[in-house]
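Trainee: Here the protein sequences line up with chains Z and W, keeping their order.
Mapping of the first sequence onto the numbering used here: residues 835 to 1008, in sequence order.
Mapping of the second sequence onto the numbering used here: residues 572 to 817, in sequence order.
FYI, nobody ran anything at the bench for these hints, they're computed from the structure.
All the given hints hold, so there is nothing to weed out.
Partial chain Z-side listing against chain W, Cβ under 8 Å, derived:
id, residue
1, 841
2, 852
3, 883
List of simulated lysine to aspartate or glutamate pairs, DMTMM-like, C-alpha gap at most 20 Å:
id, chain 1, residue 1, chain 2, residue 2
4, Z, 893, Z, 883
5, Z, 866, W, 639
6, W, 629, Z, 879
7, Z, 978, Z, 995
8, Z, 957, Z, 967
9, Z, 875, W, 639
10, W, 718, W, 707
11, W, 624, Z, 890
12, W, 624, Z, 889
13, Z, 965, Z, 990
14, W, 705, W, 813
15, Z, 957, Z, 998
16, Z, 926, Z, 915
17, W, 652, W, 813
18, Z, 926, Z, 914
19, Z, 886, W, 625
20, W, 624, W, 639
21, W, 652, W, 639
22, W, 630, Z, 878
23, W, 624, Z, 878
24, W, 629, W, 639
25, Z, 913, Z, 902
26, Z, 875, W, 625
27, Z, 978, Z, 988
28, W, 630, Z, 879
29, Z, 987, Z, 977
30, W, 718, W, 813
31, W, 624, Z, 883
32, W, 718, W, 731
33, Z, 978, Z, 967
34, W, 624, Z, 879
35, W, 652, Z, 878
36, Z, 965, Z, 998
Each pair of labels, with its calculated beta carbon distance range:
id, chain 1, residue 1, chain 2, residue 2, range
37, W, 786, Z, 856, 28 to 34 Å
38, W, 789, Z, 896, 56 to 62 Å
39, W, 811, Z, 896, 39 to 45 Å
40, Z, 896, W, 711, 51 to 57 Å
Using N, Cα and C, we set each Cβ at its ideal position, and we do this for glycine too.
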Amino acid sequence: MSENGFLSFLSIDYGTIILVLINTFILFLVIKHFLFGRVNKIIEERQADVRKTYEEADKSMAHAKELETNYNELLSSAKDESAEIVKNATKKAQVRSDEIITNAKTEAGSIISRANEEIAHEKQRAMSEMKNEISSIAMMMAEKIIQKEISQKDHEALINDFIENVGDDAWQQK
Amino acid sequence: MGFKLGSEEVVVNGPKVAFKVFGLNVTETVILSWVVMAVIIGLVLFMTHNMSKDNPSKKQVVAEWIVETVNGMVRDSMGSKNLVYAPYMATIFSFSIFGSLISVLGLRPVTGDFSTTLAWALITFFMIQYAKIKNDGILGYFVGFSKPIALLTPINIISELATPVSMSIRHFGNVASGIVITQLLYFALTGLSHAVGLSVFPVFTIGIPAVLSVYFDLFTGFMQAFIFTMLTMANVGAAYPEEEQH
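Chain W on its own, in the form it takes in the complex:
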């Protein structure tokens, strides 16, 4: 993807293909997602190492807080019968937030690749279909598309398919726009440094992008991870019949 700025062109690339395995591209995204996984797994193992029932350490308190919070959110939006989904919600949230936050280190965010967010949205999509078939039966599942009236069947199918598309594009678009804007800003600030005769040392690229980074990396990263997880919970939870309030 390129932008023309006067006579020069800014090229914003997709993820680099590192190598190929069995004809599958192993891209920057996948390698960085391994890094992110390693960080998350390391944190999990560190926090839950040597846990004590009677006098929990600070890291154990944090681990318990995380589990309790996720359990509470899943219980609120999906009902206490669906607590089995809590570990998945924690997975998708942590993967998404750390995958976005690595851009703070100057790396390409994992979530800035449409394939990543599409993969997650597909999981959500199949979870919703699984929940519907499980609750309505295979026949009831297909009959469900023609409700409330048969005329709405195509629209129901489209709305069903739109859920993963909108979720994945929302997440990808927010993070990717951050990548694009940051690259454009770097280009512009380097150009500004050249214009005032500081071509050896582009002084304007120090500090100013950091302010933007707080918004695009920290705020957007957190918000999109939260939105994606909440939408997954809400959509999958909606596929289950309403639980009686207790």
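Chain Z extracted, bound-state conformation:
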């Protein structure tokens, strides 16, 4: 088949076939191991990652749901509790305010009665003071007007009458 070191154009050469088979097998091993082996491994790892991520997401979701129900329970119980607290506080405040009002009322009553007493006392004092004042004024006036015409006896009788009249209500109203 050889001519000048060349094979003929359409030839079947066993050496070439065997060596090409060996070459193909070697290339197959390299591609299988280094290309497909490595890439498939990476892809599988990535898929495993994705699966793991999904599982974790599901787990967190379930956990979150659990927490939510817990919190809802806690929240409703807290609401009840707070309502109770508010109710108690309101009751206490009512009692306290009632107490304060009663106290204030009693105090006000005592203040008023004391003031009334004082007023009455003051009035009494003013009245007696006025009696004395008026009697002396009347005496002075009487002395000036009647000087010598009225005797000592008449004089005294007149003054006493006058003083009696001063204590009357009728006079007071004038």
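Assemble chain W onto chain Z, guided by the hints.
Mentor: Chain W in isolation, oriented as in the chain Z frame:
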């Protein structure tokens, strides 16, 4: 192989025998296939070097795309049970396409040697026989040749043998015709340069063969690699029982 063009003869040679080992010819084809292997292995090692699960580099994306594409094609034509064939399909496709594309560099394409394509077709042939024996049993395998009727047995055997022959000759013929036509074209263009008095510098051989090269080297190289791989997948896949669609 020679062509007479007027008084001159164009000789289109087969692969040159570089040396002999244990009586086996180590030809141009084998040496160039080592070059092709080195290129492919280099590319594979480069692409899959330092791969990262979380932030893949561009070369890793390319590697993943190649693997996913081949896996997808094998899954479609052979079923997902036969994904073990995917690395072989990638091997034969890359070997074929790079083996044809080295002709762009002015080298003799590896696939332009009938021995190469015959070797690959033989692998396909034995894969088909292996798959049939594995699925039908050794008895069922031989009984299978007499179906649907015993009269068709010789035709079944011929069609079985025709598969590797047609596959290898198709691939070889397409690439080899490119070699022949390119050589004829060079001869003709050199002759044309002589005719117009430019024998020192054959100006017509620049540019014009490049246009043809795009078709014969790039297009044919890709097409034949694809056809050969698809036929291998289809024929081997057909040897397996139909997988239920899922």
